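Start from the sequences and build out the full structure, keeping to the hints where you can.
Chains as they are written, first to last, in our numbering: chain A, 219 to 653; chain B, 271 to 386.
Calculated from the structure, these hints are not laboratory results. Nothing here was measured: the structure is a model prediction, and the numbers come from that model. Possibly wrong hints are sitting among the right ones.
What the hints assert, rightly or not - Only some residues are given here: those of chain B computed to face chain A with a beta carbon under 7 Å: (1) S275; (2) S276; (3) Y318; (4) S324; (5) P326; (6) F327; (7) N374.
Said to hold, decoys possible - Per the computed footprint, the stretches of chain B lying under chain A, defined by three or more beta-carbons under 8 Å from a beta-carbon of chain A, are: (8) 303-315; (9) 328-336; (10) 376-385.
The beta-carbon is built from N, C-alpha and C at its ideal position, and this holds for glycine as well.
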Amino acid sequence: MHSLRIADRSPTPCSPRRFRHQVPLHLLQFPQSRLRPRIQVVPLHLLQFPQSRGFDLEFKLADDPKIALQRYGRYLYDALILFCPSVERFGGSIDLAAIIDFFDSGHDLIIAADSNASDLIREVGNECGVEFDEDPLAVVIDHISYAVSETEGDHTLIASDDLIKSDVILGSKRIVAPILFRGIGHSLNPANNWYVLKVLSASPSAYSANPKSKLSTPPTLIGSAISLVSIVQARNNARILITGSLSMFNNRFFRSGVQKAGSQTKHEKSGNEQFLTEISKWVFHERGHLKAVNVKHHKVGETDEPALYRINDELEYSVEIYEWSGTSWEPYVANDVQVQFYMMSPYVLKTMSHDKKGLFSTSFKVPDVYGVFQFKVEYQKLGYTSLSLSKQIPVRPYKHNEYERFIPAAYPYYGAAFSMMAGFFIFSFVHLYSK
Amino acid sequence: MGRTSSKEDAGALFHSLRSAYAATPVNLKIIDLYVGFAIFTALIQVVYMAIVGSFPFNSFLSGVLSCFGTAVLAVCLRIQVNKENKEFKDLPPERAFADFVLCNLVLHLVIMNFLG
Numbered sequence: 219m220h221s222l223r224i225a226d227r228s229p230t231p232c233s234p235r236r237f238r239h240q241v242p243l244h245l246l247q248f249p250q251s252r253l254r255p256r257i258q259v260v261p262l263h264l265l266q267f268p269q270s271r272g273f274d275l276e277f278k279l280a281d282d283p284k285i286a287l288q289r290y291g292r293y294l295y296d297a298l299i300l301f302c303p304s305v306e307r308f309g310g311s312i313d314l315a316a317i318i319d320f321f322d323s324g325h326d327l328i329i330a331a332d333s334n335a336s337d338l339i340r341e342v343g344n345e346c347g348v349e350f351d352e353d354p355l356a357v358v359i360d361h362i363s364y365a366v367s368e369t370e371g372d373h374t375l376i377a378s379d380d381l382i383k384s385d386v387i388l389g390s391k392r393i394v395a396p397i398l399f400r401g402i403g404h405s406l407n408p409a410n411n412w413y414v415l416k417v418l419s420a421s422p423s424a425y426s427a428n429p430k431s432k433l434s435t436p437p438t439l440i441g442s443a444i445s446l447v448s449i450v451q452a453r454n455n456a457r458i459l460i461t462g463s464l465s466m467f468n469n470r471f472f473r474s475g476v477q478k479a480g481s482q483t484k485h486e487k488s489g490n491e492q493f494l495t496e497i498s499k500w501v502f503h504e505r506g507h508l509k510a511v512n513v514k515h516h517k518v519g520e521t522d523e524p525a526l527y528r529i530n531d532e533l534e535y536s537v538e539i540y541e542w543s544g545t546s547w548e549p550y551v552a553n554d555v556q557v558q559f560y561m562m563s564p565y566v567l568k569t570m571s572h573d574k575k576g577l578f579s580t581s582f583k584v585p586d587v588y589g590v591f592q593f594k595v596e597y598q599k600l601g602y603t604s605l606s607l608s609k610q611i612p613v614r615p616y617k618h619n620e621y622e623r624f625i626p627a628a629y630p631y632y633g634a635a636f637s638m639m640a641g642f643f644i645f646s647f648v649h650l651y652s653k
Numbered sequence: 271m272g273r274t275s276s277k278e279d280a281g282a283l284f285h286s287l288r289s290a291y292a293a294t295p296v297n298l299k300i301i302d303l304y305v306g307f308a309i310f311t312a313l314i315q316v317v318y319m320a321i322v323g324s325f326p327f328n329s330f331l332s333g334v335l336s337c338f339g340t341a342v343l344a345v346c347l348r349i350q351v352n353k354e355n356k357e358f359k360d361l362p363p364e365r366a367f368a369d370f371v372l373c374n375l376v377l378h379l380v381i382m383n384f385l386g
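Here it is in structure tokens:
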């Protein structure tokens, strides 16, 4: 169980095997428990594109008694997709603790809940940092931003385009069409601000309530606090996608057009496919996964790494940062990677410049303070894995023979002392040989 | 007796000092010149330190000490060589000069060490 958190040495260890054959386990729900007879939700498209991206998918029913995440202490899969919102108990050896261990050990997770989400799925969500609405019959309703359709009139099918602004999470191409959503909403615990993020939020006019009964008290989940799709990037760089709608993933929603109530534009195709493709790329580490290798530092003009520096030395620091592109490590390009020269507080903080091949470097002068410093790179950018590198290096003061031999400010004193000596010499001659 | 003003008194005092001084022997005047040179150099250093600051303080002390020490030793020599001094009537001036040289050697040894 290898935590990918860094100690004081080098950068994120990544085994290449993991990123070549991602094997997500897809847990489907047995269709019987659906309340309304409807065409079975078969997320065909989602199943196809991971396979075309080089993943090996395995499908199992949620109550299959033979399913297991690990065998003999090793995990069988790299990621887990739970498309079984109303499963009460998993079959085989999977339970809540097993799922928690799975993502604690750095593996990814996609969870889809829906309007009859079981307690188990709600608990999994709680462990990930989101809270689904407690009322089991509540769904997200929006009377202003709903999707215009002929059949559904209770405004539970909403069209949302309130997306997080991040190219690394959602891809560089803008998602133009709104995204269709029908299901339950969740809210995020504000203590996890950095780790849990809302990717798709509901509009300010949404609320979470039972569409069939009259509202007696104001609903607890309202407005933009409702998150429809959230992501979690944990400190060990495991990524989790949580959504409250399983129907978001189905073919019908992928192919249908969408028109948001109140706007005139009718989009031919909803944004669901593009959105889910791009975000699944992020979840499976095809984007935004960084590794830092080859930390090097040396004095300007030399090439090998000294064991310690002296104050007021000029030194150069460099590190190589790469980003996983799904198939290979590409050089990372950014202008905001900084290195600190740190001893209780950063004495030097410099932004590193890069040659476009992923080598980030900078040079600076060691401050006039001696002690044991660290070269620290703490890089946390939204949507990217966090880099936390630190390398310890002592800094010594001047040796007794490294000071300036003659201090220019003291030249008058030197002159005075020598002139006194000369004066004494001349005077003694004059005194002896004068009458 | 209050008919002479203080300015005339000062002038009279100054003139009498000058004439008395002109009567001193030449070798004593040479020693006086030497002492004046040392004190002047010390004053230059103090003014320099007041302007620039006392950064290499040891160098400042060493320079100033060399000037004052030289002045003090020269004054001692003058006292011992002056024939009008009753206390040193029996001291041969060569002995005084030898003491002067030895003390100056020690002084300059200390100065060079402390100069930094």
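> Broken hints, numbered, in rising order?
Replying inline: As far as the earlier hints go, 1, 2, 4, 6 are violated by this structure, in ascending order.
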